[in-house]
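Number of protein chains: 4
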Amino acid sequence: MSLLEKRWNELADVKDELAERDWFMGTSGNLAIKVSDNPLQFLVTASGKDKRKRTDEDFLLVDEFGRPVGDTHLKPSAETLLHVEIYRRTNAGCSLHVHTIDNNIVSEIYGDQGEVKFKGQELIKAFNKWDEDAVLKIPIIHNYAHIPTLAKAFSEHISEDSGAVLIRNHGITVWGKDAFEAKKVLEASEFLFRYQLRLLEHKPYQLFKVV
Amino acid sequence: MSLLEKRWNELADVKDELAERDWFMGTSGNLAIKVSDNPLQFLVTASGKDKRKRTDEDFLLVDEFGRPVGDTHLKPSAETLLHVEIYRRTNAGCSLHVHTIDNNIVSEIYGDQGEVKFKGQELIKAFNKWDEDAVLKIPIIHNYAHIPTLAKAFSEHISEDSGAVLIRNHGITVWGKDAFEAKKVLEASEFLFRYQLRLLEHKPYQLFKVV
Amino acid sequence: MSLLEKRWNELADVKDELAERDWFMGTSGNLAIKVSDNPLQFLVTASGKDKRKRTDEDFLLVDEFGRPVGDTHLKPSAETLLHVEIYRRTNAGCSLHVHTIDNNIVSEIYGDQGEVKFKGQELIKAFNKWDEDAVLKIPIIHNYAHIPTLAKAFSEHISEDSGAVLIRNHGITVWGKDAFEAKKVLEASEFLFRYQLRLLEHKPYQLFKVV
Amino acid sequence: MSLLEKRWNELADVKDELAERDWFMGTSGNLAIKVSDNPLQFLVTASGKDKRKRTDEDFLLVDEFGRPVGDTHLKPSAETLLHVEIYRRTNAGCSLHVHTIDNNIVSEIYGDQGEVKFKGQELIKAFNKWDEDAVLKIPIIHNYAHIPTLAKAFSEHISEDSGAVLIRNHGITVWGKDAFEAKKVLEASEFLFRYQLRLLEHKPYQLFKVV
Chain A
1 MSLLEKRWNE
11 LADVKDELAE
21 RDWFMGTSGN
31 LAIKVSDNPL
41 QFLVTASGKD
51 KRKRTDEDFL
61 LVDEFGRPVG
71 DTHLKPSAET
81 LLHVEIYRRT
91 NAGCSLHVHT
101 IDNNIVSEIY
111 GDQGEVKFKG
121 QELIKAFNKW
131 DEDAVLKIPI
141 IHNYAHIPTL
151 AKAFSEHISE
161 DSGAVLIRNH
171 GITVWGKDAF
181 EAKKVLEASE
191 FLFRYQLRLL
201 EHKPYQLFKV
211 V
Chain B
1 MSLLEKRWNE
11 LADVKDELAE
21 RDWFMGTSGN
31 LAIKVSDNPL
41 QFLVTASGKD
51 KRKRTDEDFL
61 LVDEFGRPVG
71 DTHLKPSAET
81 LLHVEIYRRT
91 NAGCSLHVHT
101 IDNNIVSEIY
111 GDQGEVKFKG
121 QELIKAFNKW
131 DEDAVLKIPI
141 IHNYAHIPTL
151 AKAFSEHISE
161 DSGAVLIRNH
171 GITVWGKDAF
181 EAKKVLEASE
191 FLFRYQLRLL
201 EHKPYQLFKV
211 V
Chain C
1 MSLLEKRWNE
11 LADVKDELAE
21 RDWFMGTSGN
31 LAIKVSDNPL
41 QFLVTASGKD
51 KRKRTDEDFL
61 LVDEFGRPVG
71 DTHLKPSAET
81 LLHVEIYRRT
91 NAGCSLHVHT
101 IDNNIVSEIY
111 GDQGEVKFKG
121 QELIKAFNKW
131 DEDAVLKIPI
141 IHNYAHIPTL
151 AKAFSEHISE
161 DSGAVLIRNH
171 GITVWGKDAF
181 EAKKVLEASE
191 FLFRYQLRLL
201 EHKPYQLFKV
211 V
Chain D
1 MSLLEKRWNE
11 LADVKDELAE
21 RDWFMGTSGN
31 LAIKVSDNPL
41 QFLVTASGKD
51 KRKRTDEDFL
61 LVDEFGRPVG
71 DTHLKPSAET
81 LLHVEIYRRT
91 NAGCSLHVHT
101 IDNNIVSEIY
111 GDQGEVKFKG
121 QELIKAFNKW
131 DEDAVLKIPI
141 IHNYAHIPTL
151 AKAFSEHISE
161 DSGAVLIRNH
171 GITVWGKDAF
181 EAKKVLEASE
191 FLFRYQLRLL
201 EHKPYQLFKV
211 V
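Residue numbers (full-length UniProt numbering), protein chains in the order written: chain A, 1 to 211; chain B, 1 to 211; chain C, 1 to 211; chain D, 1 to 211.
Misleading hints may appear alongside valid ones.
No copy is singled out in the list; a pair is fine if it fits within one copy or between any two copies.
[Stated by the list, open to error] EDC-like cross-link-like pairs, simulated, lysine to aspartate or glutamate; straight-line CA separation at most 16 Å:
| no. | residue 1 | residue 2 |
| --- | --- | --- |
| 1 | Lys-203 | Glu-10 |
| 2 | Lys-49 | Asp-178 |
| 3 | Lys-53 | Asp-16 |
| 4 | Lys-51 | Asp-131 |
| 5 | Lys-53 | Asp-71 |
| 6 | Lys-51 | Glu-181 |
| 7 | Lys-49 | Glu-10 |
| 8 | Lys-203 | Asp-112 |
| 9 | Lys-125 | Asp-13 |
| 10 | Lys-137 | Glu-5 |
| 11 | Lys-177 | Glu-132 |
| 12 | Lys-6 | Asp-56 |
| 13 | Lys-75 | Glu-156 |
| 14 | Lys-51 | Glu-17 |
| 15 | Lys-53 | Glu-181 |
| 16 | Lys-53 | Glu-17 |
| 17 | Lys-117 | Glu-20 |
| 18 | Lys-53 | Asp-13 |
| 19 | Lys-137 | Glu-122 |
If you're looking for bench data, these hints aren't it; they were derived computationally from the structure.
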């Protein structure tokens with residue numbers, strides 16, 4: 001099996017798993033995995049496909065500008081430029097963009113503050129935060145309709161080889177050294193978002209009850 | 001494979017997928033897919049079947065009045081007239097009627113206003129709303145027990161080849177040029193409804209906290 | 001295939017489906033299906049089994065007193081007496097007892113009133129309520145630890161061949177003429193409970209916003 | 001099949017089932033099953049694996065100090081010491097540590113009180129509480145980053161052969177005489193936690209409405 005096939009299968013497995021959770025509602029979301037560094041080439045989801053099906057047209061290979069490599073009738077996802085920024089600026093090997101109710105609600109509630117913070121929650125260890133007082137910050141950027149502008153705003157928050165950025169009312173983009181790491185960061189983010197929202201629902205009552 | 005078989009399989013695939021999400025609770029819901037334009041004929045779910053099972057009695061062919069084509073012991077869904085309205089008035093190829101908790105709650109909360117609006121949410125692009133300021137409106141109609149009256153009220157909101165209408169405390173009906181498009185509109189609607197309800201839960205707290 | 005085998009398979013299919021929804025948490029729940037009227041014999045879930053697995057020890061045949069028919073090391077579910085009441089008093093062919101979060105919460109919130117009512121919700125049609133003004137009432141009984149006492153309180157609400165009773169903080173028992181009908185009543189009940197709870201969450205906010 | 005293989009398969013089955021529920025988000029959670037008493041040896045999840053896949057490197061055998069038995073490149077889960085405490089102090093045969101939103105929220109809301117109590121809920125019978133007035137208490141301990149300190153705090157709540165302890169903002173650890181019992185206690189705990197949270201959401205409204 002070639003490296004291309006290996007990466008294709010890894011990405012297809014991630015897609016199947018996220019699709020099973022209904023994390024691609026309304027054909028939303030897009031995924032990418034790096035295949036080579038020199039030249040920079042990566043697989044990205046083709047536009048307009050049903051992500052609950054597994055076919056040999058789910059992904060296509062693109063270059064460092066997000067343009068298809070070779071002849072193809074497939075169109076790269078409209079948001080391919082965001083993946084380009086990640087592979088240009090870090091050593092990440094996989095990046096995932098997903099819309100969920102939880103990440104959209106968190107991005108709206110904390111949007112004006114430009115970030116959401118987590119502290120004292122075990123799951124922040126998935127972001128390599130091991131101290132008992134460690135704080136995890138996930139930035140939230142404006143959802144520019146113009147993709148190059150969105151990509152530029154996004155790029156300002158990419159420096160580490162693993163990370164996460166929320167786009168307001170649009171979803172999250174995560175990345176990691178490989179598919180396993182990217183998925184770990186995605187799942188930990190979603191857990192933290194849901195935890196935070198549930199806590200907001202319950203803490204007021206608790207205060208009301210105790211005071 | 002004939003066109004009839006092809007459409008049957010497409011609709012059966014949609015049914016399987018929605019059934020897996022438990023979107024047909026209590027035998028609710030019905031689905032349709034167009035097979036020919038001249039004469040107008042479409043497949044529609046047969047009444048009283050378990051939608052979690054896949055059998056060769058799940059659908060039957062009906063004409064432009066919703067009457068069975070040919071001899072059959074199967075009875076078309078009681079709400080077949082709503083699908084008739086769609087195929088008569090638009091070029092849609094598939095239509096789906098589904099009861100979920102989210103669409104029922106939204107239909108009740110916004111029912112008196114006759115519609116629910118969405119703005120600034122990425123998923124409205126599934127309705128071909130691409131501008132940053134675009135507004136999506138989904139009408140909400142009264143749930144008349146008399147189906148022809150319901151179909152008439154419903155028909156007043158059908159003009160485009162793709163769309164969605166809520167029936168108060170009853171569910172949503174969506175349509176699109178084919179099964180893929182109809183499902184996309186359905187999923188995007190459900191995402192938006194759940195998003196809206198979750199936001200209503202959290203915004204009060206946020207205001208309370210900030211002010 | 002004998003009638004016993006046929007009924008066994010029908011009940012096993014229902015069990016598989018409910019298990020997939022996680023409606024048997026902590027080994028809770030029990031199911032029954034009638035096999036013969038003269039003498040009255042029905043299959044009921046054996047005690048202490050993992051309902052996510054399908055084995056030939058999942059059910060056992062019991063008589064009109066809930067006692068095993070023939071030699072067996074299997075023990076009928078502790079709540080078999082409730083199923084006995086149903087088959088003695090009605091023509092029902094299948095009965096299901098299930099604990100869900102929604103049915104437990106509804107049973108507690110409306111417990112002091114002794115019943116929960118639904119009106120103007122399409123899904124009450126699953127209970128054969130077709131008028132636009134029809135009201136569905138589901139009784140809620142006290143959860144007596146002593147099973148014969150519980151069975152007696154339960155029996156006071158069994159007269160129709162299809163129905164549903166909530167046991168406070170314990171779950172719901174539904175019945176219908178066959179497995180298909182019993183499952184329909186169960187699903188419609190769960191839909192209505194979740195709908196009601198979600199509406200309680202949102203109506204206060206709406207009032208707050210509008211007034 | 002050897003006893004080791006038998007236990008391996010039992011634990012792998014539990015892992016598959018919990019993974020299907022998404023109870024291992026972000027690679028969280030760890031599981032153990034006892035293989036022998038003299039010397040004490042048990043299987044425990046290897047560190048850094050994807051728990052949604054079933055492989056022959058998912059678990060490894062460790063001794064009474066949580067050290068690998070024999071040569072292996074696998075690393076025992078960082079929290080193996082907690083499982084050690086259970087097998088040293090009780091006759092339990094299986095122990096499960098799982099992070100869910102519900103158990104994390106309950107651990108935070110009731111964390112200052114050091115325990116959460118349940119009464120009058122049918123599911124507490126899964127903890128062998130059969131009286132109508134029985135009270136179930138689940139202790140909540142501080143989430144020490146230093147694992148030996150955490151294990152010591154944890155050990156103070158282990159005396160029975162079956163039980164459950166919450167670690168604040170970290171998850172639950174349950175144990176029972178075998179995999180079936182441990183899973184029953186886990187499921188019953190999660191049911192009770194979700195029930196409790198939902199009740200907190202609804203009781204205030206009810207009071208508001210009635211008073």
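Hint-by-hint comparison with the structure:
Within a single copy, Lys-203 and Glu-10 get their C-alpha atoms no closer than 40 Å, and across copies no closer than 39 Å, so neither meets the 16 Å cut-off. Taking the shortest alpha-carbon separations for Lys-49 and Asp-178, only the inter-copy value of 13 Å comes in at or below 16 Å, while the best intra-copy value is 24 Å. Both within a single protomer and between protomers do Lys-53 and Asp-16 lie at most 16 Å apart by alpha-carbon distance, with minima of 8 Å and 13 Å respectively. Taking CA atoms no more than 16 Å apart as the test, Lys-51 paired with Asp-131 passes in neither setting, with 38 Å inside one copy and 25 Å between copies.
Taking the shortest alpha-carbon separations for Lys-53 and Asp-71, neither the intra-copy value of 23 Å nor the inter-copy value of 36 Å comes in at or below 16 Å. For a Cα distance limit of 16 Å, the shortest separation of Lys-51 from Glu-181 across copies, 13 Å, qualifies, whereas the shortest one inside one copy, 21 Å, does not. Taking the shortest alpha-carbon separations for Lys-49 and Glu-10, only the inter-copy value of 15 Å comes in at or below 16 Å, while the best intra-copy value is 18 Å. Within a single copy, Lys-203 and Asp-112 get their C-alpha atoms only as close as 22 Å, which misses the 16 Å cut-off; across copies the closest is 13 Å, which meets it.
For a Cα distance limit of 16 Å, the shortest separation of Lys-125 from Asp-13 qualifies neither inside one copy, at 24 Å, nor across copies, at 27 Å. Taking the closest pair of Cα atoms, Lys-137 and Glu-5 never come within 16 Å of each other, the shortest separation being 35 Å inside a single copy and 44 Å across copies. In this assembly of identical chains, Lys-177 and Glu-132 lie within 16 Å of each other by CA distance neither inside one copy nor across copies; the values are 25 Å within and 34 Å between. Within a single copy, Lys-6 and Asp-56 get their C-alpha atoms as close as 13 Å, which meets the 16 Å cut-off; across copies the closest is 21 Å, which misses it.
For the homomeric pair Lys-75 and Glu-156, neither the shortest alpha-carbon distance inside one copy (27 Å) nor that between copies (37 Å) is at most 16 Å. Within a single copy, Lys-51 and Glu-17 get their C-alpha atoms as close as 10 Å, and across copies as close as 12 Å, so both meet the 16 Å cut-off. Proximity of Lys-53 and Glu-181 under a CA criterion of 16 Å is satisfied inter-copy only: 15 Å between copies versus 24 Å inside one chain copy. In this homomeric assembly, Lys-53 and Glu-17 come within 16 Å of each other (Cα to Cα) both inside a single copy, at 11 Å, and across copies, at 11 Å.
Neither within a single protomer nor between protomers do Lys-117 and Glu-20 lie at most 16 Å apart by alpha-carbon distance, with minima of 29 Å and 29 Å respectively. When the C-alpha separation of Lys-53 and Asp-13 is checked against a cutoff of 16 Å, the pair qualifies both within a copy, at 11 Å, and between copies, at 11 Å. Taking the shortest Cα distances, Lys-137 and Glu-122 sit within 16 Å of each other inside one copy (15 Å), while across copies they are farther apart (23 Å).
Checked against the numbered hints listed earlier, the structure breaks hints 1, 4, 5, 9, 10, 11, 13, 17; every other hint is satisfied.
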